[in-house]
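Take the sequences, apply the hints, and build the full model.
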Amino acid sequence: MKLAVTESGVMKKRVLAICFGKYLYGVLVAVLLLRSSFSFSAVPTIEIEIRDHLFFPSEVNVPRDTKVRLLITNRDATPEEFESYELNREKVISGDTKTVIFIGPLTPGVYPFFGEFYPKTAQGTVVVE
Numbered sequence: 001m002k003l004a005v006t007e008s009g010v011m012k013k014r015v016l017a018i019c020f021g022k023y024l025y026g027v028l029v030a031v032l033l034l035r036s037s038f039s040f041s042a043v044p045t046i047e048i049e050i051r052d053h054l055f056f057p058s059e060v061n062v063p064r065d066t067k068v069r070l071l072i073t074n075r076d077a078t079p080e081e082f083e084s085y086e087l088n089r090e091k092v093i094s095g096d097t098k099t100v101i102f103i104g105p106l107t108p109g110v111y112p113f114f115g116e117f118y119p120k121t122a123q124g125t126v127v128v129e
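Anchor point for the sequence shown: position 87 equals 87 in the working numbering, and the numbering is continuous, going up by one each time.
Hints were generated in silico from the structure; no laboratory data involved. Accuracy of the hints is not assured; some may be wrong.
[As the list claims (entries may be wrong)] Here are the simulated BS3-like cross-link-like pairs (lysine-lysine), alpha carbons at most 25 Å apart as the crow flies:
1. 120 x 91
2. 67 x 98
3. 67 x 91
4. 120 x 98
Because the structure is a prediction, the values reported are computed rather than measured.
Written as structure tokens, this is what we have:
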């Protein structure tokens, strides 16, 4: 025995398929957001301040083979560029702003960084143990 599908029955199936697709999309987005927030919070954060064209602290210790989040706050009114050839990073930080730079995972050693705009005073090192 064959069931006859009416035009309104086809419309109901289409509406249900669209709603189900949107539901799956919402679940997928929620899972991805939760996953990224958990992995983001698992990354250790080290805070560095730029004041009077100097880095504080000028030496930061980082565990080996670990990705690290550097939260850099520029307290000066003028911009500064965080630069490190050894870390392969450079980023201009406007005055009175914050920025994030990810480094690592790194092997043990000393990785110097400096301020491109004030290289004689703005100097620091990342020490990986």
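Can you give the numbers of the hints that this structure goes against, from lowest to highest? none
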